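For the protein sequence lines, the chains are E and R, in the order given. The opening position of the first sequence corresponds to residue 220 in our numbering, with each subsequent residue numbered one higher. The opening position of the second sequence corresponds to residue 220 in our numbering, with each subsequent residue numbered one higher.
Careful, some of the hints might be misleading.
Quick list of in silico lysine-lysine cross-link-like pairs, DSS-like style, CA-CA up to 25 angstroms [stated by the list, open to error]:
1) E:K357 <-> R:K389
2) R:K357 <-> E:K389
3) E:K389 <-> E:K319
4) R:K313 <-> R:K389
Here chain R is said to cover these stretches of chain E; the calculated rule only asks that three of the stretch's residues, wherever they fall, bring their Cβ under 8 angstroms from a Cβ of chain R [what the hints assert, rightly or not]:
5) 246-252
6) 259-272
7) 357-368
8) 375-385
Worth flagging that the hints you see were computed from the coordinates, not collected in a lab. Computed from a predicted model, the values in this text were never measured in an experiment. Every residue, glycine too, gets a C-beta built ideally from N, C-alpha and C.
Number of protein chains: 2
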Amino acid sequence: MLSSMTLEQFTQALAAATPTPGGGSASAHAGAMAAALIQMTCDLTIGREAYRAHDEAVRAIRARSEGLRRDLLALVDRDAQAYDEVVRALRLPKETDAEKQTRSEALERANLFAIETPLATADACAALMGMAAELASKGNINVVSDVGTAALLAYAGLRGGILTVRINLKGDAGGARVAQLRERVRRLEVDSERLREEALTGAYVRSNGR
Amino acid sequence: MLSSMTLEQFTQALAAATPTPGGGSASAHAGAMAAALIQMTCDLTIGREAYRAHDEAVRAIRARSEGLRRDLLALVDRDAQAYDEVVRALRLPKETDAEKQTRSEALERANLFAIETPLATADACAALMGMAAELASKGNINVVSDVGTAALLAYAGLRGGILTVRINLKGDAGGARVAQLRERVRRLEVDSERLREEALTGAYVRSNGR
Numbered sequence: 220m221l222s223s224m225t226l227e228q229f230t231q232a233l234a235a236a237t238p239t240p241g242g243g244s245a246s247a248h249a250g251a252m253a254a255a256l257i258q259m260t261c262d263l264t265i266g267r268e269a270y271r272a273h274d275e276a277v278r279a280i281r282a283r284s285e286g287l288r289r290d291l292l293a294l295v296d297r298d299a300q301a302y303d304e305v306v307r308a309l310r311l312p313k314e315t316d317a318e319k320q321t322r323s324e325a326l327e328r329a330n331l332f333a334i335e336t337p338l339a340t341a342d343a344c345a346a347l348m349g350m351a352a353e354l355a356s357k358g359n360i361n362v363v364s365d366v367g368t369a370a371l372l373a374y375a376g377l378r379g380g381i382l383t384v385r386i387n388l389k390g391d392a393g394g395a396r397v398a399q400l401r402e403r404v405r406r407l408e409v410d411s412e413r414l415r416e417e418a419l420t421g422a423y424v425r426s427n428g429r
Numbered sequence: 220m221l222s223s224m225t226l227e228q229f230t231q232a233l234a235a236a237t238p239t240p241g242g243g244s245a246s247a248h249a250g251a252m253a254a255a256l257i258q259m260t261c262d263l264t265i266g267r268e269a270y271r272a273h274d275e276a277v278r279a280i281r282a283r284s285e286g287l288r289r290d291l292l293a294l295v296d297r298d299a300q301a302y303d304e305v306v307r308a309l310r311l312p313k314e315t316d317a318e319k320q321t322r323s324e325a326l327e328r329a330n331l332f333a334i335e336t337p338l339a340t341a342d343a344c345a346a347l348m349g350m351a352a353e354l355a356s357k358g359n360i361n362v363v364s365d366v367g368t369a370a371l372l373a374y375a376g377l378r379g380g381i382l383t384v385r386i387n388l389k390g391d392a393g394g395a396r397v398a399q400l401r402e403r404v405r406r407l408e409v410d411s412e413r414l415r416e417e418a419l420t421g422a423y424v425r426s427n428g429r
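When you get a sec, could you build the whole thing from the sequences and use the hints?
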C-alpha cells in the first residue's frame, strides 16, 4: 500500500523506472495534502469571534474536507492498481479467438478503470479548489498562506489527474463516450484556471502580497 | 521527523490544528514528488534509440533531480523546525532588558530561518520547473503526463513556498533586505507562470490533448 509508505519511500517509489506509482498517484497525494490544509484552516476558524459570520459556511467546508482527504489517500493506491491492471490485461494470451475475446474485454474494463480513477482525483480536487477559494476570504487570516497552498496543491492534483485521464484516453478509438469525457475534462480545466486565480488572489491580498 | 511518517500520518499531521506542519512542509513535499517524477522520466529516456539526440541533456537533468529530491525531503522537516523556532523565541521571557535583548535576537534569527527555508523550497522548485519544461519536449513520450504532473507539483511547491515567505515577511519592518527579498519572489512568480505554460503546453501537445 502506497499510503502506508513513508514520504521518503513514496518519493523513491515514484522515482523508480517502473510503471507505477506515477503522476496519477502523486496527483492524488497532492489533493490529500490540500484537503488536510483546508481541514486545519477550518479548525482554526470555527468558533473564533472574529469569524463568527462565516461559522456555518466554514463548518460545511470542514465536514466535506475530511472525507475528501480519505478519498484522495485511497486514490493514491487505486491509481497504481488501475494502471497495473492495464499492464496485466496487455499480457494476457491472444492466440485463440476465445483468448482474444477475453483479453479485449479485460483491456476495456482496465482502460475504463484507468480513466475513471484519475478523473475521480480531478473531481475531488476541483471541489477542494472551490473550498479553498471560499476560505481565502472567510478563513482565519493567520493561515491564509496555507489556504493558498491548498489551492495550489488541489490545482496540481486536478490538472495532473486530467493529464493522466488524457493519456489514458489516447489509445481509445473515440466515440460518444470519449467525446463526452473530453468535454468534461475541458470544462474542469477552464474551471481550474478561474478557481486558481480566485484563491491565489484572495490569499495574496490577505497575506499583504505586493 | 515528518519525512519518516507514512503518507496517511503526514496528511493527518497537516490536518491537525497545530502550528506545524503547514503549507511550507506540504510545498516541499510537492517539490520532492516533482523531482521524483523527473528522475523517473529521465531513466525511461536515457539510452533509448528514439531519444538519442537528447541523451546528454537528459543525463544532466537526471543528475540534478536526485539531489533536489533529497534537498526537498529535508526541507519538509526543516520548514516545520523553522516555524517551531519562531514560536519558541516568542515564548522567551521579556522582563529585564537583558531578556528583551536575548529574545529580540533569537526572534530575528528565527524569522530569517523561517523566510530562508521556504525560499529554498521555491528556488529548488523553480529549477525543477525548468527541467520539466525541457523534458516536455525531450523526454520519453509515454510518460509525458508524468512530466506535466511534475511541472504542476513544482509550480505548487514554488508558489506555496512563496506564500509562506510572504506571510513570514509580513511582520518584518521593511528595509533594504526585505525589499530585495520581495523583488526576488516577484521574479520567481513571473518565471513560474511562464514555465507552467511552457511545460503544460508541451505536455498537452504530446499527450494529444484537445
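Outcome of the hint check:
no.: 1; hint: E:K357 <-> R:K389; result: holds (20 angstroms)
no.: 2; hint: R:K357 <-> E:K389; result: holds (20 angstroms)
no.: 3; hint: E:K389 <-> E:K319; result: holds (21 angstroms)
no.: 4; hint: R:K313 <-> R:K389; result: holds (22 angstroms)
no.: 5; hint: 246-252; result: holds (count 5)
no.: 6; hint: 259-272; result: holds (count 3)
no.: 7; hint: 357-368; result: holds (count 6)
no.: 8; hint: 375-385; result: holds (count 6)
In terms of the numbered hints stated before, the structure departs from none.
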